[in-house]
Amino acid sequence: MQKKVGTAEKNSFLSAIIRKQIFIPIAALIILAIFNFIVDPSFFKITLGHNSEGDPVLSGNLISIIDYGSELAILAIGMTLVTAASRGQDISVGAAIAISGSVVLRVLCGTNSHPETLQAPIIAAFLVSCLVAMAFGAFNGALVSVFKIQPMVATLILFTAGRSIAAWINNNELPVVSDRTFTYFGGYIPGIPIPTPFFIAILCFILTWLALKFTNLGLYVQSVGINEKTSRLNGLNPALIKFVTYVILGLCVAVAGFIKVSRLSTINYSVVAKDIEMDAILAVALGGNSLSGGKFNIYASILGAYVIQFLTTTLYKFQVQADALPAYKAVVVIALVILSAPIVREKLAAFFKKLRSPEKAESKA
Amino acid sequence: MPQTDMKNGAKHRRLLGGLSDTNLLMSITIIVFILMYAFAIFGLGAGFLKAQTFFNMLNANAALIILACGMTLVMITGGIDISLGGMAALVSMCSAVYLDMHSGSVIGAVMISLGIGLAFGIIQGFLVAYLDIQPFIVTLAGMFFARGMTTIVNTNPFNVQNEAFVKLKETRIIIPGMGSVNKRGDYIDAYIEIGVVIALLIVVALFLFLKWTKTGRSFYAVGGNRQSALMLGINVKRTTFLAYLMCGILGGIGGFVYFMHVGSGSASHATGAEMNAIASSIIGGTMLTGGVGNIIGTFFGVLSLALIQNIVSSAGLDQAWWTGITNASMLCIFLVIQSIIIARRKKENLSAEKPAEAKGVKT
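The listed protein sequences derive, respectively, from chains A and B. Once you know that position 215 of the first sequence is 206 in my numbering, the rest is easy, because the numbers rise by one and skip nothing. Once you know that position 232 of the second sequence is 1312 in my numbering, the rest is easy, because the numbers rise by one and skip nothing.
In isolation and in its complexed conformation, chain B is listed as follows (with noise of 0.2 angstroms):
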C-alpha cells in the first residue's frame, strides 16, 4: 500500500512533501555525504579522490556498520540499546583471551562473540519485551555490566599472537582496478578487509529483511503505534524481543568484526561506539520515537559520521576533543530536525484534509 500511495501520490505534492519523513531524512544525509565528500576533494587535496580513502573509511567502520543496524532495528521498533559498544569491547576481550590464553580456535571465538550476542539479546530482550522495563535502563545496566566484565575477564589490554587469527586478520580482499600509483610510481592495489564484506552481506540482508518479510513489516508497525500493531494481530512482545535478540546477536557480529579489525583486546575498547551507532542511525533517518528508519539511511550515516573525523584530522584539527563535540553536534543537529519534523506530523494529523501523507509507515 505504501508503495503505490508514493507512486501515485508523488507527482501531485511538493517537492519535498513527496517524500515521505524516513526518505526525506536519508535524501538530507545522503546529498550531506556528498557535498562533504565534494568538499573534501576539492578543499582538502586529492587524497580524498584515491579509492582506498574511500575503502578505508569503510575498513575502520566495518564493525560501527554492523553495531549501528542493530541499533537501527532496535530504534525501528522504538526502543534503543546502548549495550552496543560495551558488548564488542566484552566480545574482543573475551575472544583475545580465548584465542591467546586458552590457544582456541578462531571458530571458538566467532561461536564465543555469537554467544555473548546472544546471551545479551535474550536478556535485554526478556526484560525490554516482556517485563516492560525501559529500554534504556535495561541497556545501560548491560553497557555497565559489559565494561565491568571486560576488567574482570582481564585486565590489561594486549595483542592476540595467535597464527590463525592473525592470518586471517591480514586477510585483504583486493578491489581490481581501483588501486593507485604511489609518489614512487609503484601501483598499490585497493583493498577491503573480510569485515567490510561481512558488514555489507548484513547491510543487505537487513535491507531486504525490513523491506520485503512480514516480520520486517511488522518491527515497523510495532514502532510506530503500538496499541494499532497490536489490534493487527502482530505479536507485539514477541516482536520486541525478536528486535532485541537480532541487536544482540548483531552486536556479537559487530564486536567480532571489531576485533579483527584491531587485532587486541582492551577495556578500553569501543568506547563511544554506542553514541556513534545512535548518531548513525539518527542522522541516516531513524526515527527515535521508532517506526521510521531504513538501513541504507544507517549506512550512509556511518560513512558520513567518518567522513566528519577525516576531514577533522586532515584540515589539521587532530585534537581528539573535535571528534567528540563534532559527532555530538552533528547528533544534535538531526535530533533537532527530527523533532520539528514530528511536530509537523502531529499538526498534519490534527488537520483531516490530508492524513495520508502525515500518516504511514514508509520506507
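The shape of chain A in the complex, shown without the other chains (with noise of 0.2 angstroms):
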C-alpha cells in the first residue's frame, strides 16, 4: 500500500477518479458534450415556448434527452439488476412495453377502440398492466431459474411473440384515448414546463435508492452473479433471487410501456419501443457494469441510458434515419465490450505498466 502511494503520488487523484465505475458513463458524457459543443453550440439551447394547449413547456435538445430518456433509465434499472444476477440480458423488454401498453389501452378503452369517456381509471389500468408484465417477467424469470435455460434464449421466445400477443390483446385494432389527463404522464402537466417522465424516472430512481438502502437485495443480486454455489452455500436462494430480479425488470417494463403509451394516446405494436432491448443492454454495458454479471452500479446504468439518448438525438441531428441508428451503436458496444473483455484488459494494464515504469519493472524482476 504504501508503495503505491509513493509511486503513483502524483495522479493518485486522476487515477482514484479514473477507477470509479461511474467515470465511463461521465467520461463518455463529456466526450458527446464537447463533440456537441464544437459542432453546434446552438444544441444546448433551451427555450421556454407554449405547446397547442397554451401551457408553458421548455424545449430544446437537452430537454427531449431528459424526456425520452427516461423510459431507457428506469429499464436500466431492471436490466442492472437481471444482468448482474442472472449473467445474462433479457432481450424482450421492447415486446414487453407492447404488452403492458396493450393491456394499458385495453383497459381503459374497454371493448370499444375509440371511447369518449374513460372506461376505468387510470390508476387501475396502470396496476393491471403492472400485474401484467410482472407476470411475464415472471415467465422469463422461472425459464431462467428454475428451467436453467439461458437468460437470452429464454426470453428470445418473449421477444419473437410478445408483439403478436399485443396486438392480439387488442384484436389488432388500435385504440385511441381522447382523455386529455392521460397524456399527461408522457407529456406536460399543465403549469410545469419540465416533461413528467423525467419526475418519474426520479420516482423510480428514489425508489431504487431506497430498496438498495435498506434491504439487501444489492447484496444478494451481486453474490448470486458472483458465484452462484458459494451464495447457495452461504443459504442464499439463487434461483428464487433471480427469479426476483426478472419480476423487478417486469416492473419497471410496466413504467416504461405506461409513459410510452401516454406519450402518443395510442399505440403500434410493431413499432413501439424497437429495438429499445439494445439500448437497455448498451445503458448498462456503458454503465461499466460487466455483462457477464456479478457487481453492478445501478447509478452508472442511470447515466448510461442518458448518454445513450444524448448519442442517439445527436445522430439524429447528423440526419440519421430512425433505422440506420442501431449500426452506429453496435459498433459502440463492440468497442464497449471488446474494452472490457478481461483479456484485452490484461493486455491494456500490462501495457499501460511498462509504459508508466518501464525501469520499475525490471528492478522488481
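Any given hint could be a false lead.
What the hints assert, rightly or not - BS3-like mimics (lysine-lysine), calculated; alpha carbons at most 27 angstroms apart, straight line:
id	chain 1	residue 1	chain 2	residue 2
1	A	K139	B	K1317
2	A	K11	A	K286
3	B	K1291	A	K220
4	A	K11	A	K204
5	B	K1291	B	K1130
6	A	K204	A	K220
7	B	K1294	B	K1317
8	A	K139	B	K1130
9	A	K308	A	K11
10	B	K1249	A	K139
11	A	K286	A	K344
12	A	K220	A	K265
13	A	K220	B	K1294
14	A	K338	B	K1317
15	A	K265	A	K308
16	A	K204	A	K286
17	B	K1130	B	K1249
18	A	K308	A	K36
As the list claims (entries may be wrong) - Partner residues aside, some chain A positions facing chain B, computed with beta carbon under 7 angstroms:
id	residue
19	I140
20	M143
21	V144
22	I148
23	T151
24	A152
25	W159
26	P317
27	A318
28	I325
29	V328
30	A332
If you are wondering where the hints come from, they were derived from the structure by calculation, not from laboratory data. Think of the CB as a built atom: it goes at the ideal place given N, C-alpha and C, for glycine as much as any other residue.
Need the complex rebuilt from these two chains, each delivered in its own frame; the hints are there to steer you.
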C-alpha cells in the first residue's frame, strides 16, 4: 500500500477518479457534450415556449434527452439487476413494453376502441399492466431460474411472441384514448414546463435507492452473480433471487410502457419501443457493469441510459435515419465489450504498466 | 466408440434410454412432423397430399434451412449467432443494389454475398473465440449492425430487374412423376427452385462433415466440454473460430438463396429469421449447452416450423400474430424438454452406476 502511494503520488487523485465505475458514462457524456459544443453550440439551447394547449413548456435538445431517456433509464434499473444476477440480458423488454402498453389501452378503452370517456380509472389500468408485465417477467424468470435456460435464449421466446400477443390483446385494433389527463404522464402537466417522464424516472430512482439502501437486494444479487454455488452454500436461494430480478424488470417495463403509450395516447405494436433492448443493454454496458454478471452500479447504468439518449439525439441531429441508428450503436457496443474483455484488459494493463515505469518493472523482476 | 456403444448397448436398455439425447429429440421431432402432416392431410383436405405442397415448403424455406445449418454448427460448439437474419437482409440488399444500380453480374453478386458472410464470420469468430466475449452480445451487435447497414446501403425496398438474375430466379427444376392435375384437367409438373438444391447439398455435406471428419468431431468435443477438449489436444479457440467462420459463410449463402427466392432488396427482409433458425435447431435436437446436435434434425426442425405455418394459415387463422405465437410456444416447449433432459442427465452423471449412458457425444 505504501509503495503504491509513493509511486503514484502525482496522479493518485486522477487515477482514483478513473478507477471509479461511474467514470465511464461521465467521460462518454463529456466527450459527447464537447463534440456537440464544437460542431454546433446551439445544440444546448433551451427555449421556453407554449404547446398547443397554451401551457408553458421547455423545449430543446437537452430537454428531449431527459424526456425520452427516462424510459430507458427506468429499464436500465431492471436490466442492471437482471444482468448482475443471471449473467445474461433480457432481450424481450421491447416486446414486453408493447404488451403492457396494450394492456393499459385495453383497460382504459374497454371493448370500444375509440371511447369518448375512460372506461376505467388510469391508476387501475396502470396497476393491471404492472401485474401483466410482472407475470411475463415471472415467465422469463421461471425459464431462467427453474429450467436453467440461458437468459437471452429464454427471453427470445417472448421477444418473438410479444408483439403478436400485444396485437392479440386488442384484437389488432389501435385504440385511441381521447382523455387529456392520460397524456400528462408522457407529456406535460399544465403549469410545469418540465416533461413528466423525468419526474417519474426520478421517483423510480428514489425507490431504487431506498430499496438498495434498506434491503439486502443489492448484496444478494451481487453474490449470486459472482458465484452461484457459494451463495447457495451461504444460505441464499439463487433461483429465487434471479426470479425476483426478472419480476422487478417486469415492473420497470410496465412503467416504461405506461409512459410510452401516454406519449401518443395510442400504440403501434410493431414500432413501439423498437430496438429498446439494444439500448438498455448498451446502457448497462456503458455504465461499466460487466455483462457477464456480478458487481453492478445502478446509478452508472442510469447515467449510461441518458448518455445513450444523448448519442441518439446527436445522431438524429446529423440526419441519421432512425432505422440506421442501430448500426452506429452496434459499433459502440462492440468497442465497449472489446475494451471490457478480460483478455484485452490484461494486455492493456500490462502495456500501461510498461509505459509508466519501465525501469521499475525491470528492478522488480 | 459411440457407435459401437450404441449398437451393443441399445438392446439391453429401455426403449427411450437406448436413444442418446440428441437422437431422442430428433426422433420426437420427426414423429411430430409426420403426425402433423397426417393430421393436415386428414383434417385440412387433400391439398397437403399434393407433392407440390411439400415442395413449396422447401422452396419457401431453402434459405432458412441453410441459415439453420449455420446456427446448428455454432450451437454445437456451445455458441449462438443471432446476426443471421440481419446478415441475410444485408446480403440481399447489397446484391440487389449491385445488380440493379451498378448493373453487375450474378457472379459478382454471389461474390459480394460470400464476402459479407466471410467478413461477419471472421470478425464475430475472432471476438468470440480469441477475445472470449459472450457470443450473444457479439452477434446481437452484429444483428443490429447488419440491419442498420441495410438501411444505410439503400432505404427503399425495390425489385431487381436485372435480366440474368431474373432468369436465374425463375429457373425451375422439374421433378418428373410428382406433378398433379389441376381443376381444369391440365397436368402441372412439380418443381423446386435452385435454392432447394443448394440447401440439400449443404445439409448432406455438413452431415458428412460433422459425422466423419476430425474437425467435425472436434466441434462436438468443444461444445461438450471445453476443458476436456483442450486436454485431448484440440485447438479449442481455432475450432470455435472455424464454427463462426462457417456460420458466417453459410449466412452469406443463405442470404443469397433468400434473395433468389424473393428477388428484391429490403431492410425488413428475413425479420425473425435468426429466431426461426434457433427454433429449428432446438426443435431438431441441438442443445443450447453445446455438444449435442444433428443437421438432419435441424432440417426437420425447419420443415416442422414451415408445416405449422401452413396448417395455421389453412385453418383460417391467417392473422400474422398466430405465426409468432405458435413458433414461440413450440420453441418454449422444446426448450423446457431440453432443460428436463439436461437435469436428468446431470442426475445420471451423479449416480456412477451408468456413466456410459449419461455421458457421451452421440450423433
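Outcome of the hint check:
1. About 26 angstroms separates the Cα atoms of K139/A and K1317/B, which keeps this hinted pair within 27 angstroms; it holds.
2. At most 27 angstroms may separate the alpha-carbon atoms for a hinted pair to count; K11/A and K286/A meet this at roughly 13 angstroms.
3. Annotation: proposed proximity of K1291/B to K220/A is violated, straight-line Cα distance about 36 angstroms (limit 27 angstroms).
4. Under the criterion of a C-alpha separation no larger than 27 angstroms, the hint pairing K11/A with K204/A is consistent with the structure, at around 20 angstroms.
5. In summary, the hint linking K1291/B to K1130/B is not supported, as the alpha carbons are separated by about 34 angstroms, beyond the 27 angstroms threshold.
6. At most 27 angstroms may separate the alpha-carbon atoms for a hinted pair to count; K204/A and K220/A meet this at roughly 25 angstroms.
7. For a cut-off of 27 angstroms, the pair hint linking K1294/B to K1317/B stands: about 16 angstroms separates their Cα positions.
8. Distance check on the hinted pair: K139/A and K1130/B sit about 43 angstroms apart at the alpha-carbon level, beyond 27 angstroms; violated.
9. For the hint linking K308/A to K11/A, the alpha-carbon distance of about 31 angstroms lies beyond 27 angstroms, and the restraint is violated.
10. Our distance criterion of 27 angstroms between C-alpha atoms is broken by K1249/B and K139/A, whose separation comes to about 45 angstroms.
11. With a C-alpha separation of about 25 angstroms, the suggested pair K286/A and K344/A falls inside the 27 angstroms cut-off, and the hint holds.
12. Taken as a hint, the K220/A and K265/A pair is broken in the structure, with Cα atoms around 37 angstroms apart against an allowance of 27 angstroms.
13. Taking the CA atoms of K220/A and K1294/B, the gap is near 36 angstroms; set against the 27 angstroms cutoff, the hint is violated.
14. Between K338/A and K1317/B the CA atoms are separated by roughly 18 angstroms; this keeps the pair inside 27 angstroms, and the hint holds.
15. Of the supplied pair hints, the one linking K265/A and K308/A holds, its CA atoms being roughly 20 angstroms apart against a limit of 27 angstroms.
16. In summary, the hint linking K204/A to K286/A is supported, as the alpha carbons are separated by about 16 angstroms, within the 27 angstroms threshold.
17. Distance check on the hinted pair: K1130/B and K1249/B sit about 23 angstroms apart at the alpha-carbon level, within 27 angstroms; holds.
18. Note on K308/A and K36/A: the hinted pairing holds, with a Cα-Cα distance of about 14 angstroms set against a maximum of 27 angstroms.
19. Because the beta carbon of I140/A sits about 6 angstroms from the nearest beta carbon in chain B, less than 7 angstroms, this interface hint is met.
20. Here the hint on M143/A is kept, as its CB sits about 5 angstroms from the closest CB of chain B, short of 7 angstroms.
21. The restraint placing V144/A at the interface with chain B holds, with a minimum CB-CB distance near 6 angstroms, inside the 7 angstroms limit.
22. The interface hint given for I148/A holds, since its Cβ lies 5 angstroms from the closest Cβ of chain B, which is under the 7 angstroms cut-off.
23. A distance limit of 7 angstroms between C-beta atoms decides the matter here; for T151/A the minimum to chain B is near 4 angstroms, and the interface restraint holds.
24. For A152/A, the shortest C-beta to C-beta distance to chain B is roughly 3 angstroms, which falls under 7 angstroms, so the interface hint holds.
25. Because the smallest distance between the Cβ of W159/A and any Cβ of chain B comes to about 5 angstroms, under 7 angstroms, the interface hint for this residue holds.
26. With 7 angstroms as the threshold, the beta carbon of P317/A comes within range of chain B, its nearest partner Cβ sitting at about 4 angstroms, so the hint holds.
27. The criterion of a C-beta within 7 angstroms of any C-beta in chain B is met by A318/A, whose closest approach is roughly 2 angstroms, and the hint holds.
28. For I325/A, the interface hint holds, since its Cβ comes within 7 angstroms of a Cβ in chain B; the closest pair sits about 5 angstroms apart.
29. The interface hint given for V328/A is met, as the beta carbon of that residue sits about 5 angstroms from the closest beta carbon of chain B, less than 7 angstroms.
30. Against a cut-off of 7 angstroms between C-beta atoms, the interface hint on A332/A holds, since the closest Cβ of chain B lies about 5 angstroms away.
Going through the hint list in order, the structure does not satisfy hints 3, 5, 8, 9, 10, 12, 13.
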